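If you want the building blocks of each chain, they are given just below.
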Amino acid sequence: MTETLRPPPSGSALITTQFLTKQYGNGVVALADLSIAVQPGIVGLVGANGAGKSTLIKILLGLLPPTRGTVTVLGLDPAAQPQEVRARVGYMPENDCLPPDLSAAEFVTHMARMSGLPKTAARERASEALRHVGLYEERYRQIGGYSTGMKQRVKLAQALVHDPDLLLLDEPTNGLDPAGRDAMLGLIGRIGTEFGISVVVCSHLLGEIERICDSLIAIDGGRLLRADRIENMTEARDILLVEVAEGTPELRDRLRAIGLTVTEEGRGLVVPLQTDQTYDQILGAVAELDLPLHSLEQRRHRVAELFAASAASTHAHPGEAAHV
Amino acid sequence: MSSPTTASSVIHDIGYRRYTGPRLGRGYATRSLYVHGLRTAFGLGRSAAAKFFPWGIFGLLVAVAAILVAVQSQVSVLQQRVFEYWQFPTQINVLVLLYCAVAAPELVSRDLRGGVLPLYFSRPLTRLDYPLAKWAALVSAVFLLLLGPELVLFLGTAFSNQSMSAVWDEFGLFGEGLVVSALTAVLFASLALLVSSLAGNRAVAAALTVGLFILTTPVLGVLQGIAHAGYGPDGGMTADGERLSQLSFLVSPFTIVQGIGAWLFGGQGQSFIGPYGPLYLVVTLAVVAASLLLLLLRYRKVAR
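First to last, the sequence lines map onto chains E and V. Going by the working numbering, 218 is the number at position 218 of the first sequence; the sequence numbering is gapless. Going by the working numbering, 62 is the number at position 62 of the second sequence; the sequence numbering is gapless.
No lab work stands behind these hints, which were simulated from the structure alone. Honestly, I wouldn't trust all of these hints.
What the hints assert, rightly or not - When the alpha-carbon atoms are kept at most 30 Å apart in a straight line, the in silico DSSO-like pairs for lysine-lysine are as follows:
hint	chain 1	residue 1	chain 2	residue 2
1	E	LYS151	V	LYS301
2	E	LYS151	E	LYS119
3	E	LYS119	V	LYS51
4	E	LYS151	V	LYS51
To be verified - Facing chain V, according to a computed beta carbon distance under 10 Å, are these residues of chain E, among others:
hint	residue
5	GLU84
6	ARG86
7	CYS97
8	PRO99
9	PRO100
10	LEU102
11	ARG125
12	GLN142
13	ALA159
14	ASP163
15	LEU168
16	ILE191
17	GLY196
Nothing here was measured: the structure is a model prediction, and the numbers come from that model. For each residue, glycine too, the CB sits at the ideal point set by N, CA and C.
Let's have the full structure, built from the sequences with the hints guiding it.
This is the structure:
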């Protein structure tokens, strides 16, 4: 069975679902009437743990049949043509999935052959994929000795090795330190732009993936909260949480006086991180008032907070595919 | 379709290139997995430590065969046979078990523990292809493990023979050995792979495999004890006792193959299983089929 590479038909959607519902045998509804139409590019799929992200990925890969509704991936139905879909899709699971006793080069070569690449091509593409993820020098070392960051790169390389038209990445920054996260996100950004491969990135951290995504899909409890192009979601910003041991009202008034939006939350104050100067402005105000600063930390918006407002309206028209 | 490199990328970065070569399908992937499994079963492409055990057992078996050939060449003037090809696999079947107990976990437990299965199942391979490829790999590996010493027996004996017709006769006997080797391989590999697929820890899987085989021995002992308990009026075994004795060898994978060998190739004197030869063969095939079915069922569920 030999087939030549076909790029996804231009203009057509990368992924579409209509009234997609998945109910497990134990009665748990993982997805409920999800209707989306995703255009090529880098797509963020955000939702809390248990929101249905992994179930959606498994349905897209043809590993789980939907209970109701239709789904297409690259114009194919994964339930009817799972092999055709999987040959053109790369998948990076959330959990550990690497054998510790093989070298990265051997393992990625093996996975390339499992995707149908002939022997020589598999070896060449494995070297290239590992080079693209930044593991060229270390590729003959056993994976067991790798750091978490290097293992995540191997996982990405095996998903990339057969040159898929679509990458499904499940929590690719899991377990990485801030520098590792930035590097991984940069890499995913390059794959989406320079390599020309469409990417769906799952994450429970919206603030993290919004930087590289063209569009975002937020789901919660198996339902679509919101799906939109990233530029329509500019309110999705980081926030600063300030806590002072005393003098919270004075600080609030001072910050408002210099033009910041301040809301009180518990014992602290929440300020949206608007520019690079916000930090200095807050520190300056604390110093001027001579208040004992307890903590000043940057926090991500939680998905639930951000999308709660739009949830009601989306639920009203579940059948209307949200185009992103 | 390469894209320009960025300034931050390393010097030898020639950009991403799309793959335009052939994409072979599921059959190719399954065959590749089979070859990979066969290599793994002999530690090929792995560390020296992983090669030690399979090649140690192989060496031991070849050495035993070489010794048998040497002894045979000394006594051949007496026209006596020191060994029978079909008996050889049953004489060293404990070593075959030990090999299975190490190789089967290497093939399946490792992937379970490492969580590698989702990577396979997100590719064109199906949940049937994976266990079938692994099963075929282990059956082939055990057969090759037995083929080596059988070949040593055959070549060693054949070359010390004088006439071509004697070599031809020897070849027929060698064929008997291969039949019993194949039966041993299919039965032992099926059971070992099924048991190992239940445990992610390789040591546990090995212990379970050995346990399953070894535990049948006392059961056989008890059945034999019962069969020999009562004696008939003529001082021999009772008819019931004899029947029980002849059937009792069904319970152990070791003796069931021995029974089939004796039935097919043993001649009149050696058949300790009475008229039940066909039953032994049917039971063996049923056990293999059931193991394979359970293995496939196991992989329908695992790593969902």
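Going through the hints against the structure:
no.	hint	in the structure
1	E/LYS151 x V/LYS301	holds, 27 Å
2	E/LYS151 x E/LYS119	holds, 24 Å
3	E/LYS119 x V/LYS51	holds, 23 Å
4	E/LYS151 x V/LYS51	holds, 26 Å
5	GLU84	holds, 8 Å
6	ARG86	holds, 5 Å
7	CYS97	holds, 4 Å
8	PRO99	holds, 4 Å
9	PRO100	holds, 7 Å
10	LEU102	holds, 8 Å
11	ARG125	holds, 6 Å
12	GLN142	holds, 8 Å
13	ALA159	holds, 8 Å
14	ASP163	holds, 4 Å
15	LEU168	holds, 8 Å
16	ILE191	holds, 8 Å
17	GLY196	holds, 7 Å
Every hint, counting from the list given before, is met by this structure.
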